[in-house]
Amino acid sequence: MQPAITDEQITSLLPGCQAGDVVAVETLYELYADRLYRYILARVGDADVAADLTTELFLRVIKHIESFRLNRHRPAASFSAWLYRIAANLITDHHRQRKRWAATDLDDNVRLPTRELGPHGAAERSEAIAQLARAMDVLSEDQRLVLLGKFGEEMSNAQIAQLLGKTEGAVKSLQHRALQALGRLLGAGEH
Amino acid sequence: MNQIRISDDCLARLAAGESRASILTRYPGQAQYIAPMLEAAHQLTLLADARLSDPQRMRAKVVLRAALAARQAPAPRRFAWASLRSLSAALVLAIVFFAGISISAVAQSRPGDFGYSLRVMAERTPILFQVTPAGRASAHVGWADRRLGDVRALVESTGMADRLPLDAMLAGDQAAAERADLLSDAERASLAARVDAHAQELQLLAETASDPQDVLDLRQAADQARTIASSIVDSQERPVLPRPGSPTSPAPAVATPTGKRDPTSTPVRPTAAPTATAAPTLTVPPVSPVTRVAPRLTERPRLTHTPWPKPRMTVLPPGRLDPTPIPWPVETPTVGATDGATPTPAEPPDWDPDLTLTPWPAITPWPARTAQPRPSVTRTRIAPPFLLQTPTATTQATFVAPTPSETPAPPQTPTVTPAGGSAAGGILTASPMPALGAPLQSVTPALAPNATPTPQANRATVAPFSTMTVAVPDPPRRQTATAAAGAATPSPTSPPGAGSPAEPTVSPTVQGRRP
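Heads up: the sequence lines are chains A and B, in that order. With the numbering used here applied, the first sequence corresponds to residues 1 to 191, in that order. With the numbering used here applied, the second sequence corresponds to residues 1 to 515, in that order.
Since the hints were derived computationally from the structure, they do not count as laboratory data. Computed from a predicted model, the values in this text were never measured in an experiment. Any given hint could turn out to be false.
Unchecked claim - Covered stretches of chain A (in silico footprint by chain B; criterion: 3 or more residues with CB under 8 Å from a CB of chain B, positions within the stretch not fixed):
1. 33-41
2. 118-130
3. 172-180
Built from N, CA and C at the ideal position, the CB exists for glycine as well.
Generate the whole structure from the sequences, applying the supplied hints.
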């Protein structure tokens, strides 16, 4: 489990990132890279594509970070929301480009990041993640963020509520409906 | 239990590491509902292990550093293009800005300013787009209106006048006047009125100007504008219409007293206006094309009153001025008019100051004589023989002193014998006689029997020829003739050389007093 990102971290890093400081930018990358990578992976279902999109996401962050205005009341939540919004737009662009070129990578199911798993286990894992990604695309953005925060980042409901700017009850409700929908989608996909 | 609470409890147990089968056994009645959720949650836990590999991280950091480096130092090429675009945009903006300022300055310029000439030229451009003569003339006058407005504004503000707008205004009016003959009557009248309005306003401005030189300039400009206006009016009169009385002679003929037209005469001065009305009885033969006044003359025919002397032969009683009007001769006394009647003068037309009779060169001087009885004179003076033997139009006058008891000299000698023999004491003076081609001796009897000298001294008006004195050897006679010649007004139309001593110029108009 990754430690939660605090407001002080964001408040201290943001000026350096806006000034183009390499150290600040790399620190920011270390804070958010895996989180955003998982979010992207849950959407695209391909580890390498998710890695490339993650890099591209940070390039966009560097390009537009000067124009970002931090919310002084909840700096970390506002900055995280801004990063996930960029990731969502990036994934949308990616899906649009894939539909346009109709490119199919035959090796998608093979190139899964597996170290402990063997080739068979890696294939199953890759297939499971690809199926999950297809199901996640059906959910709403809030449902996706709740599920990713809950299971990917292992965040508490309170943290997710702070990230999304919602109450914990709303987060529980979102989580419940999201799991119901996702279970139906995954069960229908299996059958 | 609430489904949300059940699912939340199941997730918490799953997160705590409890197996899915164990969780389902806790809620057997909800197993069908909980099982998909647990499966979905299990699938989602696969994402928790997903992380970027170290090579991926390193590669990403390299890319980010390169992006940061590019952000810190932009590419020179991009900077050059950006600078060029910025420079071009700034240049265009500067050009537009200064062009706007220049146009505004020129549009608001006043006489004396730097841009006023440009403004004058620019405002003249619309004239070029006028295709009709009326439109172009109106545009010229409109342009002159603007220049007059400039003059007015300048005089009203500073009391000074500038020569440039004045000249431009006159140029505009003149340009309009040059097209006046192509316009209709109404258009010409309107044009003349507008130009005349310019003259009037200039006159008013001259009264308000402070500088004497400016006042003079304004007045001169006003005079020139009036002249232009009058020229426009004159252009209306150029078309020569046939006169009602003489449709065959529409052109102004050179009216000679003899009623004859000199075929070789050309109008040296086109002074005869179309409106001139000749005497009703004056027979003017059809005018040859040579004598026609062309509708368009290079020298504009102006109707001017030429102070033309009207030498008249008048026999008046001595010491008495004849207040009666002098009759206008219809024709010169002809040969054979010896029936005792003086040349019957027709009723002279009302003197039209516009009518100028140009006798020259149709008239050949001829000395006329009028016998005026003077009781004190008893002698006879005979002109030199060379005068008596040249009865042509160019001969010298021969004077014969009237002697009541004396018989006229040779037939060729134009001897004047006072009628009734009561010319004693009359003064013999000479009056020019137009040359009719008749011999001299034929004229003499026409006058002699009709001369009804009164006891007073008669008087004769002598045409301007001072050379008459040449033929008179007698000093007293010379004095008389010279005085008479001096009293006469010289003919302004006498050709050069006609007044030579040998060829006296004679006024053609010979008017005798009605008996």
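How the hints compare with the structure:
no., hint, result
1, 33-41, "holds (count 5)"
2, 118-130, "holds (count 3)"
3, 172-180, "holds (count 6)"
Consistency note: the structure conflicts with none of the earlier hints.
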